[in-house]
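Quick note, the sequences are listed as chains A and B, same order.
Each number in my numbering corresponds to the 1-based position in the first sequence with 685 added.
Each number in my numbering corresponds to the 1-based position in the second sequence with 27 added.
Honestly, the hints are just simulated from the structure, not real lab data.
Source: prediction; values computed, not measured.
Worth double-checking, as some hints may not be accurate.
BS3-like mimics (lysine-lysine), calculated; alpha carbons at most 25 Å apart, straight line [unchecked claim]: (1) A/713 to B/191; (2) B/107 to B/70; (3) A/713 to B/79; (4) B/107 to B/191; (5) B/117 to B/107; (6) B/117 to B/70; (7) B/79 to B/93; (8) B/107 to B/93; (9) B/191 to B/70; (10) B/70 to A/713; (11) B/107 to B/79; (12) A/713 to B/107.
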Amino acid sequence: MATKKQSQPGLLSSLLKPDVTEDQDGFKDILYWMRQALGLLFGLVWGMAPITGGIGVIGFLVLSTALMMGYYTLVVKVDADEMGGHGALLQEGLLNSFGLFLLVWILLFTYLHAS
Amino acid sequence: MQYADGLVVLAISLVAALLCEFISWVLIYRTASYRALTQSIEKTTRRVETMKERQAGAAAAAAGRKSASRKIGRFEQSLKDSNQALSRAKFQSGAVVAVTLLIVFGLLNSLFDGKPVAKLPFTPFAFIQRNMSHRGLPGDDPTDCSMIFLYMLCSLSIRPNLQKLLGFAPPRGATPNMFAGLDAKNK
Numbered sequence: 686m687a688t689k690k691q692s693q694p695g696l697l698s699s700l701l702k703p704d705v706t707e708d709q710d711g712f713k714d715i716l717y718w719m720r721q722a723l724g725l726l727f728g729l730v731w732g733m734a735p736i737t738g739g740i741g742v743i744g745f746l747v748l749s750t751a752l753m754m755g756y757y758t759l760v761v762k763v764d765a766d767e768m769g770g771h772g773a774l775l776q777e778g779l780l781n782s783f784g785l786f787l788l789v790w791i792l793l794f795t796y797l798h799a800s
Numbered sequence: 028m029q030y031a032d033g034l035v036v037l038a039i040s041l042v043a044a045l046l047c048e049f050i051s052w053v054l055i056y057r058t059a060s061y062r063a064l065t066q067s068i069e070k071t072t073r074r075v076e077t078m079k080e081r082q083a084g085a086a087a088a089a090a091g092r093k094s095a096s097r098k099i100g101r102f103e104q105s106l107k108d109s110n111q112a113l114s115r116a117k118f119q120s121g122a123v124v125a126v127t128l129l130i131v132f133g134l135l136n137s138l139f140d141g142k143p144v145a146k147l148p149f150t151p152f153a154f155i156q157r158n159m160s161h162r163g164l165p166g167d168d169p170t171d172c173s174m175i176f177l178y179m180l181c182s183l184s185i186r187p188n189l190q191k192l193l194g195f196a197p198p199r200g201a202t203p204n205m206f207a208g209l210d211a212k213n214k
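Required output: the full structure, derived from the provided sequences and hints.
Here it is as structure tokens:
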């Protein structure tokens, strides 16, 4: 009898699987790219809305940090101390993501609302 | 289109980032010595981590723990030496990349000096306005964005992500933990 081929796990299921934390560096890479994706997403939304003022900057920092923390504490249920502490996990890609967010927000705002 | 220059700044930054990574690849990353060094660093780092875990977990005798500490110390010294060798190898390409970025910055400055290239959706702090976002711009509109600020944002976001994507990013140990104090306080 022919056996069914095992399908490869999709991206979403591999992000939700608990053993994502076995490889610390790999997990931190996931956090890094999630930060970049959040920076891009918030930049797009803030630029299209448009959201203006310092509240936009603070909103991004608070929301993206909360989402990251929510992901690794509630979804993946990682012990932050084993991964270097909350600081180490939260700082993954923070500066680059902030730069990306500002860049996208500014350019979108400029070309959709200010030109 | 007004403020079309912002897109030009973005495009030039992207090309400059690709060029810098190409230069780095030609001068460092494709060389056998660099690959050997990174492999050795990875292997030694894993070995040190395993030995530290074993030392922490096992109820070993004091003498055994002392010898394990000496071994860890030797491996850490070897790691330090390898990292220094890696830094020396990167220095040459670093100099070429720095010159390239200087030329790109000079080009952008000559093209867009005194012209706002974008509009900020927020008013930056006075310090940032004076030194970056409104530098060299006429008028008092704090939401006018200079080339310098936009280029800085491009440098902050494009090149590091490109390096990460291509696998050329520096190892994590090189970046200090900005929240180390907070973690230590909470322990």
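Tested hints:
Pair hint residue 713 of chain A plus residue 191 of chain B holds up; C-alpha atoms about 12 Å apart against a cutoff of 25 Å. Restraint check: the Cα-Cα separation between residue 107 of chain B and residue 70 of chain B comes to about 13 Å, which is no more than 25 Å; the hinted pair holds. Only pairs whose Cα atoms come within 25 Å are accepted, and residue 713 of chain A paired with residue 79 of chain B is accepted, the gap being roughly 21 Å. Of the pairs offered as hints, the one joining residue 107 of chain B and residue 191 of chain B holds, with about 23 Å between alpha carbons and a cut-off of 25 Å not exceeded.
Distance restraint check for residue 117 of chain B and residue 107 of chain B: the Cα-Cα separation of roughly 15 Å lies within the 25 Å cut-off, and the hinted pair is therefore satisfied. For the given pair, residue 117 of chain B sits about 20 Å from residue 70 of chain B by alpha-carbon distance, which is consistent with the 25 Å threshold. For a cut-off of 25 Å, the pair hint linking residue 79 of chain B to residue 93 of chain B stands: about 12 Å separates their Cα positions. Distance restraint check for residue 107 of chain B and residue 93 of chain B: the Cα-Cα separation of roughly 21 Å lies within the 25 Å cut-off, and the hinted pair is therefore satisfied.
Taking the CA atoms of residue 191 of chain B and residue 70 of chain B, the gap is about 20 Å. The hint holds against a cut of 25 Å. Restraint check for residue 70 of chain B and residue 713 of chain A: the C-alpha separation of about 19 Å stays at or below 25 Å, so the hint holds. For a cut-off of 25 Å, the pair hint linking residue 107 of chain B to residue 79 of chain B stands: about 17 Å separates their Cα positions. Restraint check for residue 713 of chain A and residue 107 of chain B: the C-alpha separation of about 23 Å stays at or below 25 Å, so the hint holds.
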